[in-house]
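In order, the protein sequences belong to chains A and B.
So in this note's numbering, spot 149 of the first sequence is number 149, and the numbers just go up one at a time.
Counting from 1 along the second sequence, just add 165 to a position and that's the residue number in this note's numbering.
Just so you know, the hints here were simulated from the structure itself, not pulled from any lab data.
Built from N, CA and C at the ideal position, the CB exists for glycine as well.
Hints may be right or wrong, so weigh each one.
If we take Cβ atoms under 7 Å as the criterion, some of the chain A residues that face chain B in the derived model are [to be verified]: (1) Ser-2; (2) Pro-26; (3) Gly-42; (4) Tyr-44; (5) Ile-45; (6) Asn-48; (7) Leu-75; (8) Asn-76; (9) Asn-78; (10) Ala-96; (11) Leu-150.
Below, each chain spelled out in residue letters.
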Amino acid sequence: MSQLLFFILSTMTILSALVVVFTHKPMYSVLSLIVCFFTIAGHYILLNAQFLAITHVIVYAGAIMVLFLFTVMLLNLNSDSDVPKSGKLRIAATIAAGMLFVTLLASIKATTLGEFTLPPPSDKGMVEHVGQRLFTDYLLPFEISSILFLSAMIGAVLLAKREKN
Amino acid sequence: MEQAAHLVPLNWYLFLSTFLFCIGVMGVLFRRNAIIILMCIELMLNSVNLLLVAFSAYSGNSDGQVFVFFIMVVAAAEVAVGLALLISIYRNIGSTDIDVLNKLKW
């Protein structure tokens, strides 16, 4: 059952990721990336990380992709603004990514992982447990990330503001 | 159902996220539109997130999930600044093609 779910989710993830890379319309890229993020949220639920799945949907599909969508619409990008790279560069890119894949696969093959099995469903991924970890062991990074957010917000507003001249 | 949940080996998650990461790398090398390149970077971040969650779930330790939470925070900040930069670039040169931005090239 969970193997079947894993296969369905993985196929959808990989297909939508490929669409992101190969489609010529930026709007289709954004939409298929949203599909990809939803399937990754499905993987999180399969791994008993419910809190992260919800956060992932809210943050990625809800906030980040809307930002992308607005930018694509704001800049009025369509397929004719998208000139593909030259054939030689495309072949080089494909070969480089394929080599990286082969290298990573070889290093996975060479490692011995040990016997890990998924523990039975517990409350480890629930908001209560993760929140407790976040506010006790990881309190300082949590507070610092708020400063990071504030600076990113100010930076984004300053950068995107139209200059008066 | 609980017995069935044991059946997905950890290796499969390794392969899946390796493949996703390589698709992301390929997109960065393959495309010229800066927005698509940013999206491919998101794809790579997500493949790493998936692997972290898988390791954390299989080892029964929730530290990995907290890390993923922080990676999401950083990704959101990165996207906000990156898209602001892109809009600013688009205003100045009228396109998001990275091959036009060659002033700093040697």
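Results of checking the hints against the structure:
The criterion of a C-beta within 7 Å of any C-beta in chain B is met by Ser-2(A), whose closest approach is roughly 5 Å, and the hint holds. With its C-beta approaching chain B no nearer than about 6 Å, Pro-26(A) sits inside the 7 Å limit, and its interface hint holds. About 11 Å separates the beta-carbon of Gly-42(A) from the nearest beta-carbon of chain B, more than 7 Å, and the hint is not met. Checking Tyr-44(A) against chain B by beta carbon gives a least distance of about 6 Å; that is within 7 Å, so the hint holds.
With a cut of 7 Å, the hint placing Ile-45(A) at the interface with chain B is violated, because the nearest CB-to-CB distance is about 10 Å. This hint holds: Asn-48(A) has a C-beta 6 Å from the nearest C-beta of chain B, less than the 7 Å allowed. Among the interface hints, the one on Leu-75(A) holds; its C-beta lies about 5 Å from the nearest C-beta in chain B, closer than the 7 Å criterion. Annotation: interface hint on Asn-76(A) violated; nearest CB of chain B at approximately 10 Å, more than 7 Å.
At its closest, the beta carbon of Asn-78(A) sits 11 Å from a beta carbon of chain B; the interface hint therefore is violated under the 7 Å criterion. Taking 7 Å as the C-beta contact cut-off toward chain B, the hint placing Ala-96(A) at the interface holds, the least distance being around 6 Å. Hint status for Leu-150(A) relative to chain B: violated, with the closest Cβ pair at about 10 Å, above 7 Å.
The structure fails to meet hints 3, 5, 8, 9, 11 from the earlier list, while all remaining hints are met.
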